[in-house]
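K.L.:
If you read the protein sequences in the order shown, they are chains P and W.
The first sequence begins at 1 in full-length UniProt numbering and counts up by one.
The second sequence begins at 1 in full-length UniProt numbering and counts up by one.
Simulated from the structure, these hints should not be mistaken for lab results.
Glycine included, C-beta positions come from ideal geometry on N, C-alpha and C.
Possibly wrong hints are sitting among the right ones.
[As the list claims (entries may be wrong)] Restraint ranges, calculated between C-beta atoms of paired labels, are given here:
| id | chain 1 | residue 1 | chain 2 | residue 2 | range |
| --- | --- | --- | --- | --- | --- |
| 1 | W | Gln-25 | P | Thr-378 | 27 to 33 Å |
| 2 | W | Gly-45 | P | Asp-362 | 45 to 51 Å |
| 3 | P | Ser-325 | W | Leu-120 | 37 to 43 Å |
| 4 | P | Leu-5 | W | Leu-28 | 40 to 46 Å |
| 5 | P | Asn-75 | W | Phe-108 | 32 to 38 Å |
| 6 | P | Arg-150 | W | Ala-116 | 54 to 60 Å |
| 7 | W | Leu-120 | P | Glu-110 | 39 to 45 Å |
| 8 | P | Glu-272 | W | Phe-108 | 27 to 33 Å |
| 9 | P | Asp-3 | W | Lys-26 | 51 to 57 Å |
| 10 | W | Gln-25 | P | Glu-368 | 24 to 30 Å |
| 11 | W | Arg-18 | P | Thr-378 | 30 to 36 Å |
| 12 | P | Pro-360 | W | Glu-52 | 44 to 50 Å |
| 13 | P | Trp-166 | W | Arg-18 | 45 to 51 Å |
[Stated by the list, open to error] Some chain P residues well away from chain W (every beta-carbon gap over 12 Å; in silico):
| id | residue |
| --- | --- |
| 14 | Ala-32 |
| 15 | Gln-102 |
| 16 | Met-152 |
| 17 | Leu-217 |
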Amino acid sequence: MSDLLLPEGVRLVHIGPPKTATTSLQASFHAARPQLEEHGVHYAGRRRHEMLAVVAAVGGKGFLGGPEPDLTEWNALLADMEAAGRQRVVLSSEYLAQARPQKVRRLVDEIGREDMHVVLTLRPLDRLIPSQWQQYVQTGYDISYDEWLREMFSDEPRKGLTPTFWVRHRHDQLTKRWADVVGPENVTVVVLDPRDHELVLRVFEQLVGLPDGLLELQQDLSNRSLTLGEVEVVREFNRLYREAEWPSSAHFHYLRNGVINELRTRQPGKDEPKIVTPAWAQDRMAALTETMVANLRTSGVRVVGDLDTLVAEPAAADAAEQPESARRVSAEVASLAMVGAMAATGDPKIDASRRRAWRPVDDLTTRELAGLLRRRLTTRHDKG
Amino acid sequence: MGPAGTGPATAADAEVLRLVDAEAQKRLWSRDARRRVAGAWVEAGADPHSIEGDTTVSPEKVAAAVAVVVAEALQREHAPLVPDPADAGSEDAADLPVGSRPPSQLGFAQLSDILARRVLRGGGKR
Chain P
1 MSDLLLPEGV RLVHIGPPKT ATTSLQASFH AARPQLEEHG VHYAGRRRHE
51 MLAVVAAVGG KGFLGGPEPD LTEWNALLAD MEAAGRQRVV LSSEYLAQAR
101 PQKVRRLVDE IGREDMHVVL TLRPLDRLIP SQWQQYVQTG YDISYDEWLR
151 EMFSDEPRKG LTPTFWVRHR HDQLTKRWAD VVGPENVTVV VLDPRDHELV
201 LRVFEQLVGL PDGLLELQQD LSNRSLTLGE VEVVREFNRL YREAEWPSSA
251 HFHYLRNGVI NELRTRQPGK DEPKIVTPAW AQDRMAALTE TMVANLRTSG
301 VRVVGDLDTL VAEPAAADAA EQPESARRVS AEVASLAMVG AMAATGDPKI
351 DASRRRAWRP VDDLTTRELA GLLRRRLTTR HDKG
Chain W
1 MGPAGTGPAT AADAEVLRLV DAEAQKRLWS RDARRRVAGA WVEAGADPHS
51 IEGDTTVSPE KVAAAVAVVV AEALQREHAP LVPDPADAGS EDAADLPVGS
101 RPPSQLGFAQ LSDILARRVL RGGGKR
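Using the sequences and the hints, build the whole thing.
P.N.:
Structure (structure tokens):
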């Protein structure tokens, strides 16, 4: 039996923070729901991620122009967890990381303090910060990366600009905020390993007593980060959208569900320019992460993995600035953006091939399903 | 030459219009839809940062063209402004029950599980 195993009846609350493989973990749990139950584990809720329920509970906002968070959904989620009785329950939402102290206390009371165990997944701040910025741009901001970093590292950041960033990403303070309420002995920090994406699944299996390998990574491009060029298209669109004073529903519909989802259908090339952190910010992060790791080390929480890997390297002495041309996009990206926007107009109802492609697995004959599995197995074998 | 006489001005324009039209044809879009999407690219104007002979495009040009599509759609009020969970591209797709999702969104274990259940249930006659 693993040393990590939590007791029966535990409420394992995974609070992210964002950009730490949360979607991947949630997709793995969601996909394995029937098997989890066989092992006395319940994955809370009905969806991959009960985002709106948790956003309502922490008092946050939904996506620009998207559905509104609703407390009744949070109450339903609590009822679902309570109904699981002495099963081990897993609740995962990165939005829990933006709860401030008063909200943390309330959430802990509502979920049940005595059975609660909080888990954080952490990766180096300098690796996740570009990804977090591009996520903000997707939600409607049009601020450049450099300007945003300057605001975030300023003593007086612009009011209203990504106000939850440090609430989520001062990882030492985030850990302390929850440990202060549930006790450090009821907190586990899992340091992710960039070379082994499945490691986090193995750790969670051990925490709740699942057989090794039951959780599987899900093949899914739908949550990949945008490349520098792609995010610059979105940022520029946000500026035009604001100038035009279009309704927020238009942003949600045409940009998020149209352009961005279409862009994410492609796998970017390895040589495409990435979002590069300027040297001055890299140096600031090196100093900050050293402090964060020192605080985590003395926090008294359980740590799985190597905390030292969370310390950012200072910028290389010869670090070059990214050329302006790195923002340019290929014709493929441009065409996908256009097609995504047009498809979202709902006008080309002749979009028949996409409709045909949406053939639920339940509609496949057993023979077709077996053939599909055989092909997947062959592909796996060839790759192995 | 692109649809409806929307002649490309640069190598990048030609390539974008070719790719957009190829995708539109693949999706069986009407001639009108193909003409409109190509028209939006042209209407967005010349790339302010165009590089001769280069097929890359500035983000400003792409965003402007997307904005033309959106502006036109808002004027025509075509768009259903509620995400459709049955759309493979929507964020809600991954939230559908496993049986309602296409095989491309399911892992090997999930598909094996479905097959095993079917075989156990009915001898795989379906």
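K.L.:
All hints are to be evaluated individually against the structure, with a verdict given for each.
P.N.:
Results of checking the hints against the structure:
no. : hint                                : verdict
1   : Gln-25(W) - Thr-378(P): 27 to 33 Å  : holds, 32 Å
2   : Gly-45(W) - Asp-362(P): 45 to 51 Å  : holds, 48 Å
3   : Ser-325(P) - Leu-120(W): 37 to 43 Å : violated, 58 Å
4   : Leu-5(P) - Leu-28(W): 40 to 46 Å    : violated, 54 Å
5   : Asn-75(P) - Phe-108(W): 32 to 38 Å  : holds, 37 Å
6   : Arg-150(P) - Ala-116(W): 54 to 60 Å : holds, 56 Å
7   : Leu-120(W) - Glu-110(P): 39 to 45 Å : holds, 40 Å
8   : Glu-272(P) - Phe-108(W): 27 to 33 Å : holds, 29 Å
9   : Asp-3(P) - Lys-26(W): 51 to 57 Å    : holds, 54 Å
10  : Gln-25(W) - Glu-368(P): 24 to 30 Å  : holds, 27 Å
11  : Arg-18(W) - Thr-378(P): 30 to 36 Å  : holds, 34 Å
12  : Pro-360(P) - Glu-52(W): 44 to 50 Å  : holds, 49 Å
13  : Trp-166(P) - Arg-18(W): 45 to 51 Å  : holds, 46 Å
14  : Ala-32                              : violated, 7 Å
15  : Gln-102                             : holds, 30 Å
16  : Met-152                             : holds, 23 Å
17  : Leu-217                             : violated, 8 Å
Going down the numbered hints, you'll see the structure goes against 3, 4, 14, 17, while the others check out.
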